[in-house]
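Chains as they are written, first to last, in the numbering used here: chain R, 2 to 805; chain A, 94 to 367; chain L, 257 to 415.
A couple of the hints might just be wrong.
To give an idea of the interface, some chain L residues facing chain R are shown, with a C-beta separation under 8 Å as derived from the structure [claimed, not checked]:
(1) T260
(2) C299
(3) V303
(4) C304
(5) H354
(6) C361
(7) D375
(8) N376
(9) P377
(10) I401
None of these hints come from the bench; they were simulated from the model. Ideal placement from N, C-alpha and C gives every residue a C-beta, glycine not left out.
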Amino acid sequence: MSANQKWVGQALERVEDPRLLTRGGHFIDDLTLPGAAHAAYLRSPHARARIRHIDFSRALQHPGVYAVITGEDVAQSTRPQRGRVPLANSPRVYAVAYEQVRYVGEPVVGIAAIDRATAEDAAELVHVEYEPLPAVVDPEQALEPDAPLVFEEIGSNILWHNTFPYGEVEAAFAHADLVVDERVTIHRYCSTPLETFGVMVQYEPAPHSFTIWGHTQQPAQDLHVVAAAFGVSPGQIRLIVPPMGGSFGNKVRPLFIIAAALLARKAGRPVKWIEDRRENLLALGHAADGIMEMSAAVKADGTVLAIKFRNIENEGAGIDFAGRHNLLMLSNIANCYRLQAISYEGYSVVTNRCPVVANRGIGKPFMCFAVERMMDAVARALNQDRAEIRFRNFIQPHEFPYDTPSGQTYDSGDYPEMLRKALALADYDSLRREQAQGRKEGRLLGIGIATAVEPGGSNLAYGMLISGPSQLLSGQGEAARVRLETDGTATVFTGGLDSGQGHATALAQIVADEIGLNVRQVRVATTFDSASHPYVMTSGVYSNKFHGHDTVAAIGAARKVREKLLRRAAAQLEANADDLELGDGRISVRGAPDKGVTIAQVASRAYWSLADEQPDGEPGLEALHYYSNPLAKRPDDKKRVRVQLGFASAAHVAVVEVDPETFEIKVLRYLVIHDCGRQINPGIVEGQVHGAVAHGIAAALFEEFVYDEDGQLLTTSFMDYLKPTAADLPAIEVDRLETPSPLTLLGTKGVGEGGAVVAPAAVASAVEDALAPLGIRIAALPIVPSRLWEVAAAGLKRYENARK
Amino acid sequence: MGLLQSYRDEAKVLAGGQSLVPLMNFRLAQPHNLIDLNGVEGLDTIEIDDRTLSLGAMVRQRDVEQSPLIAERLPILREAIEQVAHPAIRNRGTVGGSLVHADPAAELPLLSIALDATFHVRSARVSRSVAANDFYQGYLLTDIAPDELLVAVDFHLPPADSGWCCTEIARRHGDFAIVAAAVLLGCGRDRRIDFARVALGGVGPAPLRMIAAEQALLGERADAELFRRAGDVAAQAVDPPADIHASASYRRHLTGVLVRRALATAASRVKGQA
Amino acid sequence: MAETISIALKVNGSELAAAVEPRRSLVDFLRHDLGLVGTHVGCEHGVCGACTVMLDGRTVRSCLLFAAQADGADVTTIEGIGTDEALHPLQQAFQKHHALQCGFCTPGMILAALELLRDNPDPTEEEIRVGLGGNLCMCTGYVNIVRAVRAAVSNGNSR
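Turn these sequences into a full structure, and let the hints steer you where they fit.
Right, dumping it as structure tokens:
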């Protein structure tokens, strides 16, 4: 705990806001370099085809064009990528299509020109001769033996397949009174940050170095991917990541950086590429679609003993996520429940669709949808209330820390209280009465319930279960440096990134408490720069890691600075460091407040007065700290690994009305009880919950990437890909429960993904509840009025995905 | 006119730009020249007499929305325009632009069919008038020639005490309709319907007048059963398209529902009825 | 070099003249020719609202206007709303109520909210949601934005 507790816990206004409110921020497209060229890409119109010939001579001759690259250039000049977490048989992927195209929208030719419009004009002059090939679009079809192969070199469309049995699964089924089966599917969608992907690269031929301004969520890893691609030292790459207009897991695409870098090298001038919205929807990345089959062993009293899962995950034509969604889903799949045994079989299958990215929740929205649908199915099978089923199966407060069958440890939580509070906030009994009354009047009101855990940080050693034990990347951690300036203010540099989460404010609050400053005296550098920011390979913004890693690294550095400060002050005041008090920018002797000195005075002398004796052994007041989470270890010899490093939780209640004639769905109310332990800034936390829930409701009811059977994406603009507006969403109500984590320094847990993970399940539960008079079960997302009506009109009882 | 005549197929007219410029940004439309009507005088008047509301082609949708005159004299137009997209789009979007773009799910073309509007078209060669039914010829296809300009449209006012309703089903507020219905009803002293207009958008390549449904209404007493029947007649008469948002059968189903609901609302707005 | 069109306009109260390519969009002109990077590009087809500016007192999609069309016009961008020293009351309300996260939609959202409040000084929550329905936000879920606009009303702002 810090000496002061003045700032952490307050819902302070954000330090990021004034600039964003008045001039906009320093987003990538706001930056430029003299003489910079602009890139555009010609993209594949086919889902699968051989590239026979590319004639770009007319494009190259077009006035204002500086350079053109094709797959040949990329293959000659860069090493191929074999996936973020490579498999033994990973195929090779290049920054633009080489020899074959594998999805509609894949970049085929890159052009750098004097401006974007000219580059696009030139793209129209390129002639590409394709030999179209049959494409495989549906993941179950991709499993069939005669399916077209997305990557012929690996001889199969199964990138990864594994089975994980935990506990006595067969014994549980032998003891079951009832077995409940369910099959659910989820579609492709994506958080689509409002700012699209951007990158600008400057290449210096001597000393063969690249300066990159660009988007990423894992700067150290992407820097190394780019260095490896060009065969240069990581020290020859400087990566600068400006604040991003949202990222949500989408902005990890080093291939885009490699392409721009190659264009810059070829053009002999800086090259800037700003993705347009059509490219963004076609080719940045989608959340994976999938199919989950489940079988639950259940006792007559509603206790769920065990669940078997079989998951088919559609990676699209991407190789970066093989196995990863599957393993992360598996790590959370016990959800809030006391299961004795779990069996999980997972596939990562490739198809000729856009590659998958770690969209907000990375697989857990589907996991939660599946598990929560199963809980509702169990309730229905036993004719029990859905809330009661959950209360019966919850892990109880006294059972923490709780080890799940798959080897995760839940740190703390109070799931029964969380759900009770949610139902009370919703006035559940009153809603039920309203629903009953409504049914008499022909109205279809529905109340949905979903509860879930939300992990806070991932141990990247889980990749070893995919790649093998020789994988270097493991653990989770962050790095930070705190510098006390000569005027007694502080500057903080971390390996973390800013894409709207208010990290600079949260870190300022934390550091201010540690060093006894006013929060306005702490500035946090929000543009990451590999030349001046410390980092470790896990640095970045993803998987809810900030609360327990960036914070701890900053605290570590701040405490080192604090110690140096106190030693200097002690020398100056001729007192013992232990007798000093620190706060409000001042250091004084305990009990003698007049005997003191300001932080600014001490700091100033530390830098200026080198000729004076150095109590610390060295001048300056700056410290670096690297934090590695001690819980994040390698897998053991039984392949158990602690993947998630702490667990927040939430209970959601959704109230919907379905129009009995048109089957339009309106979300009337949406409530969340959210437990992320100690909150650094409740205003920021609440905003994150709102935004995440909005993503989840959007996924359930509005957003869908629709592919036809030839692999053409039909939803390539915001006119067809439906983002809900303020008029389409309810006012989301949030209240909190706070069970601090015993595992993190501040008692925090993760926040950021949760609402996006849970809301699809809550909405589905609500719609199914509304349709109870019709007996229609919701087993697929999204829930589209037209398709729901088709089910009802045909007298069918399941809203599910017909095999496409 | 002269410019249009000289450039013909190599030029497009720029009015509000809210339909054309997105197409240009996508490079789906690549006109060599744009003839900008913004600032051309005399195309943005709003005039009304006993029988006709005449709107210049360049009248902004937002001005229609905020016109007290239109709110009073042709409220169905106001109701329709409030459902067009969002304020910033309506600030630039024009009446003429929407009518000529001819999206079958758009509200203004629907109203022009419901009210049997008259389109005034001019070129350097000739001035002519076209009835709405003849103006819309197919999907995004109108009667207008490459060198012609829509300069004004006359909406014929329905009987003064008639009821009205323009309503639609859409995935989101402001989207193009999946199905839209524009309905007007007038009742005589004997409470029998003596004026009926039923028009639908989104159920065919162009907005459609539902003559059979209108016939089913005329002379009958307004009640829920009549409206349901009229809805069924309309649903039988359409052959709707399918797309990613809605199937053909769903659109057919919505037709019946929407016509019935719109008639009920229109009936409740008929003046002087209990 | 392509032909250019000469324009003279007012931007945030200052008169200026420029020569623009016919196909130069207003948003690109504002951002890259004038350096007013507060207005953002989110979709280039008029749906997201990130490019919203005021033209002759009305909100417009600057991605759907050509710079040449702004000849003679009076344009206001986010840079013309409030100053670093004195935020507009609406901007203050946004900050107080955590109505922004990444900030990319914020300039467009503020301009849309200003027009909403000018035309409807005391909107209900429903009217605020419909009035801002032309501006997408991917971060906030709109809850705090609506709160901020309501709060600005209570503080007697509408300009």
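Results for each hint:
no. : hint : result
1   : T260 : 14 Å, violated
2   : C299 : 4 Å, holds
3   : V303 : 4 Å, holds
4   : C304 : 6 Å, holds
5   : H354 : 4 Å, holds
6   : C361 : 5 Å, holds
7   : D375 : 16 Å, violated
8   : N376 : 15 Å, violated
9   : P377 : 19 Å, violated
10  : I401 : 7 Å, holds
The structure shown violates the earlier hints numbered 1, 7, 8 and 9.
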